[in-house]
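There are 2 protein chains.
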Amino acid sequence: MINEQYKSMLGAKSVIRELSEYATARGKEVGYENVFDFSLGNPSVEVPKEFTDEMIRLLQEEDTMTLHGYTPSLGNPLYKEEIAKSLNERFGMNYGPEHIFPTTGAAGAVAHAVRAVTRPGDEMIAFAPYFPEYGPYITGAGCKLSVVPADTSSFQINFDKFLEMINENVAAVLVNTPNNPSGIAYSTATLQRLADILREKSKEYGHNIFLISDEPYREIVFKGADSPYVSKFYDHTLSCYSFSKSLSLPGERIGYVAVNPACEGADIIVPMCGQISRGTGHNCPPSIIQQAVAKVCSLTADLSVYETNMNIIYDTLVELGFTVVKPGGTFYIMPKALEEDSVAFCKKALKYDLVFVPADGFGAPGFFRMAYCIDTEKVERAMVALKKFVKEEYGK
Amino acid sequence: MINEQYKSMLGAKSVIRELSEYATARGKEVGYENVFDFSLGNPSVEVPKEFTDEMIRLLQEEDTMTLHGYTPSLGNPLYKEEIAKSLNERFGMNYGPEHIFPTTGAAGAVAHAVRAVTRPGDEMIAFAPYFPEYGPYITGAGCKLSVVPADTSSFQINFDKFLEMINENVAAVLVNTPNNPSGIAYSTATLQRLADILREKSKEYGHNIFLISDEPYREIVFKGADSPYVSKFYDHTLSCYSFSKSLSLPGERIGYVAVNPACEGADIIVPMCGQISRGTGHNCPPSIIQQAVAKVCSLTADLSVYETNMNIIYDTLVELGFTVVKPGGTFYIMPKALEEDSVAFCKKALKYDLVFVPADGFGAPGFFRMAYCIDTEKVERAMVALKKFVKEEYGK
Chain A
15 MINEQYKSML GAKSVIRELS EYATARGKEV GYENVFDFSL GNPSVEVPKE
65 FTDEMIRLLQ EEDTMTLHGY TPSLGNPLYK EEIAKSLNER FGMNYGPEHI
115 FPTTGAAGAV AHAVRAVTRP GDEMIAFAPY FPEYGPYITG AGCKLSVVPA
165 DTSSFQINFD KFLEMINENV AAVLVNTPNN PSGIAYSTAT LQRLADILRE
215 KSKEYGHNIF LISDEPYREI VFKGADSPYV SKFYDHTLSC YSFSKSLSLP
265 GERIGYVAVN PACEGADIIV PMCGQISRGT GHNCPPSIIQ QAVAKVCSLT
315 ADLSVYETNM NIIYDTLVEL GFTVVKPGGT FYIMPKALEE DSVAFCKKAL
365 KYDLVFVPAD GFGAPGFFRM AYCIDTEKVE RAMVALKKFV KEEYGK
Chain B
15 MINEQYKSML GAKSVIRELS EYATARGKEV GYENVFDFSL GNPSVEVPKE
65 FTDEMIRLLQ EEDTMTLHGY TPSLGNPLYK EEIAKSLNER FGMNYGPEHI
115 FPTTGAAGAV AHAVRAVTRP GDEMIAFAPY FPEYGPYITG AGCKLSVVPA
165 DTSSFQINFD KFLEMINENV AAVLVNTPNN PSGIAYSTAT LQRLADILRE
215 KSKEYGHNIF LISDEPYREI VFKGADSPYV SKFYDHTLSC YSFSKSLSLP
265 GERIGYVAVN PACEGADIIV PMCGQISRGT GHNCPPSIIQ QAVAKVCSLT
315 ADLSVYETNM NIIYDTLVEL GFTVVKPGGT FYIMPKALEE DSVAFCKKAL
365 KYDLVFVPAD GFGAPGFFRM AYCIDTEKVE RAMVALKKFV KEEYGK
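Top line first, the protein sequences correspond to chains A and B. Residue numbers for the first sequence, in the working numbering: 15 to 410. Residue numbers for the second sequence, in the working numbering: 15 to 410.
So that you can see chain A by itself, here it is in the shape it has in the complex:
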């Protein structure tokens, strides 16, 4: 019989997708250049030429059967080796290729990491604001997700609430830094305190609490931001990465899980991920993409536009009197709406062709998210519309 659980999920239409569809429809009416669509987190910078060149070289020079043949079930050895090397050089880690499990993007990475270090019925903790897809990843593994409310003054971790909520059923804690939707990077102090608590509570409960770090925005960090490598702070860390943002390759679904060599089960977690794949039909990410990314995994696209855009938007928001924490990275910013109901606020903004996303679904009611992965020229025009909107609707 048709599975009622998945059928029932069809009703819940994504707010982001609805807004994005509205923006597309409105764009047809007034010209897409006149719709200020801040709804979608789709990278807006060119893929590095080195990636394209390497893809073409592989297609022109390599034997097609080797190039497109099955990769070993735990991944292409070159890809694993190059990633380990790159992480070791950049973050002072000591990964071997055996600690790297290639996945279809960060979604695949988190889905595998969760299954590896939890059992059905376990609890996992995430911190608001958070990426709503964590819900399906965690319930899909049979676990319960508990969300620690946001510290809205800084969007670092609300440790008081965390300490109230942590308990012996918690198998793993999930962090996302730099953060979607707030743009905030967890500081050295935050990660140090988090690690101290996890060590203390692991001892108290008699089992290690794992830390799953979802970090697809790791390479988009702004000047002066304190955004250290999460796994440096805590041994039992699984780092989940995607090249979606750093190489502007979101559609190619290429990422990995990197298991800290000092993590409990470090020698078996990658092979276990291989077993987890068998049940979900995940398999390896595509062979040619693994091979091409292996050659460029330490490069990034030119990500500077995101910082340029952030500064323009942040300055305008402050000038207009918005409450907003300055992002440390990503291509998101999350100001407080000018009225309590952020949905009403975002609806009013639509009249000015400004497409914002209410952050209620991210666990930050009253706030809204702007994804500024768009051309700077458009950001500048959007600020004119934003000023008009705020003046006319809120008299500021």
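In case anyone wonders, no lab produced these hints; they're calculated from the structure. Bear in mind the structure is a predicted one, so any value in this text is a computation, not a measurement. Ideal placement from N, C-alpha and C gives every residue a C-beta, glycine not left out. One or more hints might be untrue.
Derived pair list, reagent style DSSO-like, types lysine-lysine, alpha-carbon separation capped at 27 Å [unchecked claim]:
(1) B/K246 to A/K21
(2) A/K63 to B/K309
(3) A/K309 to B/K158
(4) A/K215 to B/K21
(5) A/K63 to B/K63
(6) A/K350 to A/K405
(7) A/K158 to B/K217
(8) B/K217 to B/K158
(9) B/K158 to A/K21
Partial list, derived from the structure: chain B residues whose beta carbon lies under 7 Å from chain A [claimed, not checked]:
(10) M23
(11) R133
(12) M179
(13) N183
Starting from the structure of chain A, add chain B where the hints point.
Here is chain B on its own, set in the frame of chain A:
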């Protein structure tokens, strides 16, 4: 805590992988050209030039952000449309793009199809001989797999046993034709009878029993074989396909689920697959591969070598007195071993550098599988070794 279920799966080493590793090690000793490795089903023919050309064209001509950007969550529209058109033209179906869900190969396709039309606790039936990975796909969805014993005289369906085993808890039946490991294609008569039984039992039990058809070998069919399109026989069919074999792209993990337009839930199964992906972190197959395959989805690599190899092997096996059913397709053949214990038989064959796989794990004890996706010249030399082996060990 480390998930014990996945940890416990690490012990069970794959027989195929062990044999393949043996073959590689032995190859280093005596030269790989002297090891007759029939263990692995890795396509051995060139990828069509049209695919490579289209990949290079996309990389050289398309905007990189569009080319590598997020695809819609239910797949690239062109890919869905071209596949629907191709299936309609070739098999007289009437799929629309809304019936096609792109997946990471046939593994992803079966994993989604199973979740869409079963509920945890349901029973699924497959027919021996069968691909052992069906086990994890089905238990991964929380279902129970029951396997109907083989009809060893024809390797068509053993209908007497099937009728004994089918019951009202059966949510779906899984077929694989042309079949791995037997190489047999289900005939028109077999599929007609299967469909009749499913219709009758669906009526009797008051719910439709779904048919999941795993058909990655659909395009490798030999002269004179009766190998019709499964979904033509039964409305409630989900066809699972991979381009691994037809385009020699196993490492690129590109396939789909095609939902019969007359199937119960035909309008919601593809969107449900999108929801299923959220929980497993599957997401869409890679953007560039979807776009390139869209252009070549009706082509195949030159698959004729598989038939050439099959005829050489089949004739030799018959000449040597093996009991064997002639394959209708694939690149497999599954003769009866010359002693009851096929594991012992395969071990003895290793002395002659012949690497065969005991078919016990495929639900056909006493038989062994040969994967003949290797050069014809090597097949011919292998037949000399096979004759020597049979003469010296079994006096034939």
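Against the structure, the hints come out as follows:
Simply put, B/K246 and A/K21 have alpha-carbon atoms about 26 Å apart, close enough for the 27 Å limit, and the pair holds. Of the pairs offered as hints, the one joining A/K63 and B/K309 holds, with about 24 Å between alpha carbons and a cut-off of 27 Å not exceeded. At roughly 43 Å between alpha-carbon atoms, A/K309 and B/K158 are farther apart than 27 Å, so this suggested pair is violated. With a C-alpha separation of about 24 Å, the suggested pairing of A/K215 with B/K21 holds against the 27 Å cut-off.
A C-alpha spacing of about 24 Å is found between A/K63 and B/K63, which places the hinted pair at or below 27 Å, so the restraint holds. Of the pairs offered as hints, the one joining A/K350 and A/K405 holds, with about 16 Å between alpha carbons and a cut-off of 27 Å not exceeded. Note on A/K158 and B/K217: the hinted pairing is violated, with a Cα-Cα distance of about 39 Å set against a maximum of 27 Å. At most 27 Å may separate the alpha-carbon atoms for a hinted pair to count; B/K217 and B/K158 meet this at roughly 22 Å.
This hinted pair checks out: B/K158 and A/K21 have alpha carbons roughly 21 Å apart, not beyond 27 Å. Interface restraint check: B/M23 against chain A, minimum CB-CB distance 4 Å, threshold 7 Å, status holds. Taking 7 Å as the C-beta contact cut-off toward chain A, the hint placing B/R133 at the interface holds, the least distance being around 6 Å. Taking 7 Å as the C-beta cut-off, the interface hint given for B/M179 is violated, the closest approach to chain A being about 19 Å.
Hint status for B/N183 relative to chain A: violated, with the closest Cβ pair at about 11 Å, above 7 Å.
Checked against the numbered hints above, the structure violates hints 3, 7, 12 and 13; every other hint is satisfied.
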